[in-house]
Amino acid sequence: MRPWPRSSTRRRARSPSATPCSRAAPICPVRPATAPRPRNGPAMSDTSAVRLRFAPSPTGFLHVGGARTALFNWLHARKAGGAFILRIEDTDQERSTDAAYQAILRSMEWLGLDWDEGPGVGGPCGPYLQSERLEVYREQAATLRASGRLYRCFCTGEEIAARNAARGEQESAGYDGHCRELAAAQIAAFEAEGRVPSWRLRTPDEGETFWYDLVYDKREFRNDLITDRVVMKQDGFPTYNFAVVVDDHLMRISHVLRGDDHVSNTPFQLQIYDALGWERPKFGHMPMILGPDRKRLSKRHGATSVEEFRDQGILPDAMINYLALLGWSPGASGDEVFTREGLVKAFSLKRVNSSPAAFDYDKLAHINAQHLKRLGPADRLALAEPVLAARGWALDPAWRAPADDTRDYLTKVLAMLGGRFSDLRRVPEQIGFFFTDDFPVDPEAAAHLEGPEIPARLRALADRLAAALPPQGAAGQDVYEAAVRGLAEETGLEAGDLIHPCRVALTGLTRSAGMFEVMWLIGGPRTVARLRRAAGDR
RNA sequence: GUCCCCUUCGUCUAGUGGUUAGGACACCGCCCUUUCACGGCGGCAGCACGGGUUCGAGCCCCGUAGGGGACGCCA
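Quick note: the first sequence, position 165, residue 151 per our numbering, numbers continuous.
If you're looking for bench data, these hints aren't it; they were derived computationally from the structure. Computed from a predicted model, the values in this text were never measured in an experiment. Watch out, some of these pointers could steer you wrong.
Pairs of lysine to aspartate or glutamate, DMTMM-like flavour, derived with a Cα cap of 20 Å [what the hints assert, rightly or not]:
(1) K65 with D102
(2) K281 with D346
(3) K349 with D279
(4) K268 with D348
(5) K398 with D409
(6) K65 with D78
(7) K359 with D409
(8) K219 with E80
(9) K349 with D321
(10) K204 with D246
(11) K359 with D321
(12) K336 with D203
(13) K359 with E371
(14) K398 with D365
(15) K281 with D247
(16) K398 with E503
(17) K336 with D346
(18) K331 with D100
(19) K268 with D246
(20) K285 with D346
(21) K336 with D246
(22) K219 with D102
(23) K219 with D100
(24) K219 with D78
(25) K281 with D348
(26) K219 with E145
(27) K349 with D297
Modelling step: build the complete structure from the supplied sequences, incorporating the hints.
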């Protein structure tokens, strides 16, 4: 019943020598001034070091919301020259899956959000999978227990809900402190029944808990509203709220940047920091991402997982660029298209917005197009080849221009696309006619071939081209242009009258790159042949 | 229900007491042009509402409305 099988990427755990600082807590020294310094490099020797983390739970694919959280953490870490840590929060044995774990790593890698410590790369504060840190949590829980801050709770969820309802409150009103003062005899009785307790943190009933949030400024909660939440579950696993605090502290996280949905967890977590006598990190909560209808972004709005966007031809840099713009703004500069480096340079936590933003697929597409058309020839080629291969299309060597090799030829074709290279999914239809004579003819385009005068014009053009082309070798674009314009002039036609049917004959499309460039790339013989074919001369 | 938060064009946003309220996406028009894009130029469109404070409010305060989030032995 463990949906969480071992995988090769997971690191060995519980071996005392697995990592330099896993001897005893604190795992990573908190105050090197008073504690012996481990020899783990510069990051370990400076407690003021900027260290951020992204801590997803492997219960599903990486969602754009999670990706943005990861991105902002990454950006701030990179900007500050600090460390970015990836930690997997898999304390829910029921829901965590290896497939999700793999998918998250894949998405992070695809986005280029590289982590300095975490799965696959290790690091001095590991292990980085919470399921491999159980001893750590138990140890901290023992400390808390020893100080009297924890108590056993034997209540079931139903019992709590029933009591809440009986008091006239909402069933989900939270824990009522029922087991706070259980008598020893009562505890013994429960345990004799075989009931296993969970452990709750006793929180104060008076006063306030507050912090200065990096994006919201002061946040304050009344202590009587903070319920005694479970810290160690019946199954011996820590709860999220306990594990994050322990890990963030031991991993020496300096800034906790997370979604707005964690705001109400923060006061409780702050209580744990205080109970353990730990210094608090800085907290920043970022507003949620909404769908176009201003409801929480979900699958019914369209793509939400990073991999879906990848499959739709979104570039990782574009995804990152767009996500950064969602809740952060570069200020008055006006420029919104950023390279990854530019983003790191321009980023500032101070400019993170406090109001929720709606995801705009159109704008993502625009940012993507901007990135796409700025790519150089080599990058275009690298992107286009797999797309074409997926269609089963590979360039026939016979197609290339005499002096080129296949990839040079493809590179020319892609360069020809110019600003039209803005949607990877459309590339096959845009250049399919470079791969085969048997291309489809768009119905709308076919109309351009319909007039009774068309065949004669195409034939005339074919003849003229055939005569103008050198018998051997390739002609320049100017030769094609001269032929078309010359014929138009002699017959009293507009150049367009020839070009439109010609485009259909050569490409099957109503829209394409420049006609003469297309002719030149296809080459004289095929151009002539296709013109004759369209004229009905087979 | 309780608690917390948010509110500038349809959307993302700039703005921190005096602005013709700026930019971007989308949309519309024009230019370029053999088509379609790209690019250039222009247009449409916004401070949720009501009270204060102030000589003066998009910016400060209060309230209302709308929206979002949280209230698990999920994270």
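Structure-based check of all given hints:
no.: 1; hint: K65 with D102; verdict: holds (14 Å)
no.: 2; hint: K281 with D346; verdict: holds (13 Å)
no.: 3; hint: K349 with D279; verdict: holds (16 Å)
no.: 4; hint: K268 with D348; verdict: violated (35 Å)
no.: 5; hint: K398 with D409; verdict: holds (18 Å)
no.: 6; hint: K65 with D78; verdict: violated (33 Å)
no.: 7; hint: K359 with D409; verdict: holds (9 Å)
no.: 8; hint: K219 with E80; verdict: holds (13 Å)
no.: 9; hint: K349 with D321; verdict: holds (14 Å)
no.: 10; hint: K204 with D246; verdict: holds (14 Å)
no.: 11; hint: K359 with D321; verdict: holds (16 Å)
no.: 12; hint: K336 with D203; verdict: holds (11 Å)
no.: 13; hint: K359 with E371; verdict: holds (16 Å)
no.: 14; hint: K398 with D365; verdict: holds (13 Å)
no.: 15; hint: K281 with D247; verdict: holds (14 Å)
no.: 16; hint: K398 with E503; verdict: holds (10 Å)
no.: 17; hint: K336 with D346; verdict: violated (23 Å)
no.: 18; hint: K331 with D100; verdict: holds (17 Å)
no.: 19; hint: K268 with D246; verdict: holds (15 Å)
no.: 20; hint: K285 with D346; verdict: holds (14 Å)
no.: 21; hint: K336 with D246; verdict: holds (16 Å)
no.: 22; hint: K219 with D102; verdict: violated (31 Å)
no.: 23; hint: K219 with D100; verdict: violated (33 Å)
no.: 24; hint: K219 with D78; verdict: holds (10 Å)
no.: 25; hint: K281 with D348; verdict: holds (18 Å)
no.: 26; hint: K219 with E145; verdict: holds (16 Å)
no.: 27; hint: K349 with D297; verdict: holds (17 Å)
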